[in-house]
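Produce the complete structure using the sequences and hints provided.
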Amino acid sequence: MAAIEILGLEKTYSVGFWRKRPKLALKPLHLAVEEGEIFGFLGPNGAGKTTTLKMLMGLVYPSGGSARILGKAINDPEMKAQIGFLPEQPYFYDYLTGRELLEYYGQLSGLSGKDRSRRVGDMLNRVGLRDAADVQLRKFSKGMLQRIGIAQSILHDPRVVVFDEPMSGLDPMGRREVRDLMEQLKHEGKTVFFSTHILADAEALCDRVAIIHLGELHRVGAVAEITSDLCARVELVWPGKTVPASMKALGAECRVSGDTVRAVISKANQDAALEVLRRERLHLVSLTPVRASLEEYFVAQLNPNGVAAGARA
Amino acid sequence: MSPRIIHIALNTFREAVRDRVLYNLIAFALLMSGGAVLVGQISIDIERLVVINLGLTAVSLFGVVIAIFIGIGLVSKEIERRTLYTVLSRPVHRWEFIAGKFFGLAGTLVVNTLLMAAGVFVALWYVSPHLQKSDVWLLVALYFIVLQFLVITSLALLFSSFSSPLLSAVFAFSLFAIGSFAEDLRGFAGMTHGVERWLATAAAYLVPNISALNVISQVAHEQPVSGQLALYNTGYALFYSAMALCGAVLIFERRDLK
Amino acid sequence: MKPSPRVTAGATLLLLTSMVLSVLLLRQVDRLRAGATLQEVLYLSSPKAIKRLSLGYSGLVADIYWTRAVQYFGNKHHTGEEHYKLLAPLLEITTALDPKLRVAYEYGSNFLAAPPALGAGMPQEAIRLIQFGIRNNPDQWHLYYDLGFVYYLELKDYVAAAKAFEAGSRLPNAHPFMKLMAGNMAQHAGDYQMARMLWTATYESATEKVVRANAKAHLRAITVDQDVIALDDVVAKYRDETGHLPNSFSELMSAGLLRGLPLDPLGHPYVLVSDGSIEVNDPDNLPFIQKGTPPGYVPPSSPHLPTSD
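Protein chains in written order, with my numbering: chain A, 1 to 313; chain B, 1 to 258; chain C, 1 to 309.
Treat the hints as calculated values from the structure; they're not laboratory data.
Here a beta-carbon is modelled for each residue, glycine too, at the ideal position from N, C-alpha and C.
Certain hints may be false.
[To be verified] From the structure, some residues in chain A lie toward chain B, with a derived Cβ separation under 10 Å:
| # | residue |
| --- | --- |
| 1 | 85 |
| 2 | 105 |
| 3 | 110 |
| 4 | 153 |
| 5 | 154 |
Below, the structure is given as C-alpha cells:
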C-alpha cells in the first residue's frame, strides 16, 4: 500500500478584494509515495510545495482531487494519529519549555500519563535537547527549534512524517543533525515526505524525488536518474595558460585564472576532452562533475536549444 | 467535553499568565487602594458608594480590555506563529480548538475577576468596616460582569477567526460601546417606522446587550437584584456567546490556513 | 477534503437556536428592567457632573436621556406618584445637558406641575425649570406660555400668569392668543372660558403626543362641566314649572326645554338620576371632570387619556 497517494490534488486561490482573480497555486497533481522510503519534494520557492503539504494535512481545502494517507482519507482522525507534521520555520509557543511543549502535544495526540512522560523524555534525549528541557523556547536557537519541531512530529510514533523545508535557515551543523535524524526515521521503517529547494539535501537523503515548478509536476524518479540529468557536465582543471583549439571545438567553456585553466564541458564529451589533454601533454589536476542548480535545470527545460546537455523538453 | 478542549483551554490560560496579563492586577490594586484611602480621608458619607462604583467599574473595564486584547489574537497569533498547524495535524477538530481557546480566556478572566473582587472587598472593608446584608448584591453584580466578559470574549474570538488583530479590536470595542447603549437603541428603534424600524430593531437585538448586564449603580445604592433577572441574564449571556462561537466555528472550519 | 458537513450542520443549528433563545431571553430581561436605566437618574447627584462626564457630547447624552424618558413615561406599567418621581431629576439633567431642548420644558410645565395622579405635583420646581429655560432661550415665546400656564392652573396666581402671557406676547412670532389671554385674565380669571382658551392653546401648539392628549382630555372635561351645569339649570327650571322632577330627558324635550338628547363628548347620553342630578355614563374615560360623577366615585389611579388625536 502506498503511504501517501495524491490523486489529482489541485488548488486555485481567489485573490483580490472581491475575490475575483483566480491564482493557480497547484495544477492537478498525481503522486504516490511508498511506505518506508524517504521522498523529496523539490522545487524553487513558490512552486507549490507548501500548498501541497498543507492540503495533505487538511489545513487548506483543495479545489479538486483527493488524497489518501495509509489508505484513509484526509481529516480522518484515525489517520491523523499516524502522521506527524513539521511546518516551515515554526516558532512554537515560546513561553513554554521544551518539555512542556512536548507534554502539551502529547496530550493533544491522546497520549496519557506515564506513557507520555516516558516518550517526552525519550524524544528530548533523541534530538539532543535533554539539557535544554526546562528552558523556555524563546531562548532556543534556530537549530534547537527545528529539533524540538521534529521531536513533536514523531512523539506519538507515527508511520508517516511530513516535513516542510526542514533544513531551511540552518547552519551546516544543524543541517547535518536534521539529516541524521531523518535517516534514523527511515531505518525505523517510517515514511518520510519532505519538501526542499536545496538539491544537495535531496541528493544525500532521498530514495526518490519529485520536481515541481510553477504548480506543475515535472519529473518523478530515483535520485540517481535525475541528478545524472542535472549533473551532465564536468569541470577539468589543468595548470598553465594554454587552451587548445580542439578543446574549444568540443564546446568547452574555458577560463584562465592565474596559473590555472578551468574548462567546463558536457559529460558526453568528457572522454574526447581527456584525449585532447593527453595529446597536448597537459597535466590534468582534477575532474569534477558540475552540478546544475534547479534553477538552471528549469531554465534549460524551457529553452529548446538546451544549454545543459541531456536536458529534456 | 473532550479532553482536548480542556488541554487547549489550560494551555491558553498558561499563556495568558506567562504573558504577564495578570500584572494588570497590580495596576488595579493601586487604583483601589489609592481610591479607598482618598475616600476615607474625605469622609463625605458616601464612601461605600464611591468604592463600589469605582471598584466594579474598574473590574468591568479592565476585564473588557483584557478580553479584547487577548481575544483578538487567539486565532491570528497561532496562525502567525504556525503553532496552529502542528496542533491541527493531530487528531484535534477545528471546532475543539475554538472551544478550547474560548474556555481558556474565559477562565483567565474569571480568575482575574476573583482576585479583583477580593481587592474591592478589602477596600470596602477599609472604608466601612462592618459587613452589610446588601454586600451580597455585590457578588451578583460581579457575576453579571463575568457574564459580560463571556459575551465580549466570544465576539473577540469570532472576529479573530477571520480578521486581522487591528480590525478585530476596532470591531470588538465598537460593539462593546454600542452594546452599552443597546437599551436606548431599542428605544430609538421603537420610535422609527418602516424599513428603518426593522433594521434598527434587528441591530438592537443582535448587538451584545452590555447595558442589561450592568447593575453597578443599583448595587452601589444597596438595591436588591431580582433572582429572575439573574436567571434570564445568565441564559442570555450563554446563548449569545454560543451564537458568536458557532459563527467562529463555521468561519474557521471553512478557512484555508495559508 | 471539504469542511466537515457534520460540524457545519451542528454549528448552524446551534447558532440559529441560540440566536432565537437569546432574543427571547433579552425581551424578558427588558421587561424586568423597564426603566432601570432611568432609575439611575435618581442616583446621579449633580447635572453638572454629568455634563462633565459627557465629554462634550452633551447634546447626544441629552437625547439619550430624553428618549429613555419618553419610553418610560409611555409605558403603562408604573402608575401614580411612583411614575413621576423621576420626572423632576430627569428634566433637570436633560435641560442642563441641552438647555435648548424645548420639548423638555413643555413636558415639565404639563406634567411636573400637575397634581398626582396626572403629574408629579411640583409646581414650584416647574416654575424654576421654565425660568431656567427662559434664561437660556430668551426669544422663545412658548416658554412664557408654559410659565403662565403653570401659574394659572396650579398656583392660581392670576396676576403672575397675566404678566407671563404679556411678556411672551411681545416676543417675535408670538401666537395671537398670548395677547388675548393676557387681556382676558383680569375679567375671566378662573372661569371656563379662560380655561378653554388655555387648553386649546396648549392643544394647538404642543408637539408631544402625550401633551396634546392631556389637553384634549381637559377640553372634554370643560365641556362636560359646562354641560352638566346647563342641564342642572334645565332640570331646576322644569321643577319650578311643574313642581316635580323629570323622569327622563324626553319629558324635558316635550316641555320645550331641551332640543335633543344630550350627549357627552364621548357620544354617550348623559344619565338623568332620579334625584334630578346629572351623571355621565362612563366617568372612567372622562378624566378631570369635576361635575357629573356619581357620589363616592373614585377615579382610576392613572388617568385614561384619549389615544387618538
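- Item | Violated constraints from the hint list, given by number and in increasing order | As far as the earlier hints go, only 5 is violated by this structure.
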